[in-house]
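Whole structure, please, built from the sequences with the hints as guidance.
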Amino acid sequence: MPQTQYKVWHVGSPVGQGVMGSVHIGVAGIAKAATPDLPFVVANELICYNLARAILLPIPPGFIITRDNAPNYASLDFNLSGAALPPADPEIVVRDSSYTAGGILVYDVWVVNTDRHEANLAHDQLRNKVEIFDHSHAFFHGSDARTAKDRLVQNENELGIGGHCLAREIVDPMSIEQWIRRIESVPDFYIKDVIKAATDVGLPNDDEQFCADFLCGRRYKLRDLVRDNQNAFPKIQPILGAQP
Amino acid sequence: MSARYWVAKYISDVFRDEPRNVGVFVQVGDVISARFLGETDPGIVDRRKLKSVSYPDVYHQWVTYWRKQISKLSIESVVGANTTSYRVVEGGTVTETGDDSPEQITSYLYALLVEGGFSEAVAQEEETETERPVDLEIEIVTELKTLRILAEGDDLFLPRHPIRRNIIIPGQHYNAHKPALVQENGICYVMEVIDLTSSKKKNSRDRAGWVASMFRDIKLAQDTAQTIGLVRVTEQDRENEYVKNGLSLLSAEASIVNWLETLERQEFLRQRQIIAEAF
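Note that the protein sequences, when read in sequence, are chains X and L. Heads up: the first sequence begins at 519 in the numbering used here, then just goes up one per residue. Heads up: the second sequence begins at 47 in the numbering used here, then just goes up one per residue.
There's no promise every hint is true.
[Claimed, not checked] Below, a list of computed lysine-lysine pairs in the DSBU-like style, where the Cα atoms sit at most 30 Å apart:
#1 97/L - 525/X
#2 191/L - 525/X
#3 191/L - 265/L
#4 753/X - 290/L
To be clear, the hints were calculated from the coordinates, so they are not data collected in a lab.
Here it is, written out as structure tokens:
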């Protein structure tokens, strides 16, 4: 996984004696809180972040902070090139980072992300680095628990990626297969603990088991989902499912 | 006819949040025109002009993105692509654009909103394309001094309406224009110097465009203002496309005096003298 830089806004005093050269620093981040329209956004971001990190997709480090007595999901303000990049060009992302593009696509199928577009995909064309962010509209997303759960149930046998900006450009079936294998290798305990942690920040306790089961089960459906929906990937030759 | 415009802003420090204008988009009907800081031609960025942009590589990628969206006539995606470092905001509407082309309106707004602010403020060490031609200005000033109609220091024998330098004239959009020369007798005569004989014709064109936009802004604020472009241009220069373009922009906003033409020069000086000494 490529290294990413983050915006340091303050370099403070040395940590102290016995700590060779270490200094306190302030690193910039971006925080979001739940809203009436997106009551599970903090839990959702935390889940999606942990799942992306588990398979080493390029996603900025995220964590929970408290702001105005409410949990917020904070992610480090990543810095591929020093300043915020323009929306990515999906064709160029796939051309320059075909393997990573395959990973993003499969991951989004896993977490039922219907909102992957050019503006939540950063691509530094000069250094050929990619980063994904903003999963407010993925996984357990809805104005209430019922809606969020229904959305997942309805997408159980669907790709669930809407008009994914990379789907129409992706060309490499082998990368998809390799990323499916990565996702399949994520342990059950990891997924269950990620979901459990999310109940501390807004995921309803009643839906913990459903969410864990959904993600664990969907790992093994990915291959079929992609194979059964090849028309969503017009540039891939129909060899998906072939064993490498 | 009217034109909508948007302004591209660059924020170098998200905590200070002090945006600087780096480009303009203009839409007239179905046509979108744009110009960005550092561009020598559409999409071609001269990095030497980006000394004040912290990450020129990223800026270049934004210019490429903006140009691509414009080619798809998609101003919505341009406006929607807001980040912590770059954003595009609606500027407003320019009314009564007359026969001006979208490119002319873009040049005007660019000069006003980008060069008049950000670029001018940060590019003091650079030779900007709007820099006043010193030798021509000195030549004109010398003539005015000889005629004793230029206000300087503690001259006790000034005429009633002398020509002054370093006077700030407010425009409608920018309130601190500082033209080369100003003469006031109830009417404000605003004069600026443009050398079109320079070997850098493109820079001359840009300067003429900038002067035209300044004149226009002043006239929008003062109906009666009279604007005069003091140019130096040869017949050979006039055949150059950039010079033609610059002169057409300028002549749309001002009367033009070619300093190389003896008759024009003498008539200009005679008029200045009459106005300076009249009651």
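Ascending list of hint numbers which this structure does not respect: Of the numbered hints, 2 and 4 do not hold.
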